[in-house]
Amino acid sequence: MGDNLILKVMAKALIPVIILFALYVQFHGDYSPGGGFQAGVIFSSAVLLYALVFGLDAAAKVLPDKALIATASLGVLIYAGTGVASMFLGGEYLNYSVLGKTAQSGQHLGIIVIELGVGLTVAATMLLIFFTFARRTRAQ
Amino acid sequence: MDYILGHINYWIIILLMMIGLYTMMSKPNLIKKMAGLSVFQTGVILLYISLGKVTGGTAPIVAEGFTEYSNPLPQVLMLTAIVVGVATTALGFALIVRIQEAYGTVEEDELEKMDSEV
Amino acid sequence: MINLIIDIVLLVFLVIMAVSILHVRNLLAVSMLFGLYSLLVASVFMVLDAPDVAFTEAAVGTGIATVLMLATLAVTRVTHEKKQKRVAYIPLLIVLATGSLLLYGTHDMSNLGDGNAPAHTHIAKRFIEQGQEETGVPNLVTAVLASYRGFDTLGEVTVVLTAGFGILLLLRRNQKLRIKGVQGG
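Residue numbers (the UniProt record's numbering), protein chains in the order written: chain A, 1 to 140; chain B, 1 to 118; chain C, 1 to 185.
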């Protein structure tokens, strides 16, 4: 097995908990401190733990570069797209009140959707940065 | 005395900012410069957040039983500032990596000498 | 009062850490000090009633910036700063001048925590009073960030994306990925 056994067992126990916490912070950001940025960074730290313990190649097989670039761009697209959707429904750009039946429910829905976009972009970008730096180390 | 107690927070934060600025300006090592820049940035963010504090208030999350809330507006602006700061820092470190590969050093005076020789 | 004492003590710790970041020559120690510095800053944010900002600073400052500095040290293989021979006088003069101007500027500011300061009486009052009923979100920071100032947040997310693309352009090497065998069995 090797001397990595403790690290591997602990990482397997911790990574799902960290990802669950990231999802909690993302979606509970309306009622407690949290939101998209924090959740994205916590999610990227879970994948970073996986890459440190199991190797960069294993992490890159789960999340190849193309998928990360696509996810990062998708996050910004969701954010800007919500604004455009508000324009189609009659309001101004990024006016969420027109997205629901009442102004308040529209605002709440708009906030949840854009925080999701923010979380996706931040997580994907942080992972891209780490993987790029790490590959530069290995290639020397 | 009240004036000193009320303002010493700002004075210490300005001292922090100036230490960061001095690190950034006087140390020739590029990585130290980035650390100094980060210290400076966190000092500025501390100054703005301490502007938003209200004595007897609580965190700006509406909850039962609390009437006084701290000001949410500086916190929102500083959230953006922190994230943009780390994006700048990341790009700075990438540039340092490329500089090291091209010149072989990350000390500013050696870089100047190499550039002027060419 | 106890809040103020905790605040001042933490700030004095921060000044000590900043001075040691300035002086220590071993760059690995500087990155460790930097991570500790970010954690102390997050604690100060908690004392100043800003849990969202503390969360972000702890995650981003301690997590991301410190790991980036360590990765840079690993790639460039720099270990120590070169020993400096001369004291830098001009930066010291500039820093003293800027610092004294800033200290002169704080003369006008209200005491820490004053509820009647101009910062709290204009639009912040409207956010606190009507934020939850207009947006349906009790966390006022999220409400202002995502709804009242949503355009700024769009710019921020674009900045993060641009930084990611910039780093890809600077550091990406187009080489085939070697598939190594599973290490350690």
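Hints were generated in silico from the structure; no laboratory data involved.
This one's a predicted model, so the numbers in the text were calculated from it and none came from an experiment.
Some hints here could point you the wrong way.
Below, computed lysine-lysine pairings styled on BS3-like, alpha-carbon distance capped at 27 Å [stated by the list, open to error]:
1. B/Lys113 <-> C/Lys125
2. C/Lys82 <-> B/Lys33
3. A/Lys61 <-> A/Lys12
4. B/Lys113 <-> B/Lys33
5. C/Lys83 <-> B/Lys113
6. B/Lys33 <-> C/Lys125
7. C/Lys85 <-> B/Lys113
8. A/Lys66 <-> A/Lys12
9. B/Lys33 <-> C/Lys83
10. A/Lys66 <-> A/Lys101
Hints broken by the structure, by number, lowest first?
Checked against the structure, the hints that fail are numbers 1, 6 and 10, while the rest are satisfied.
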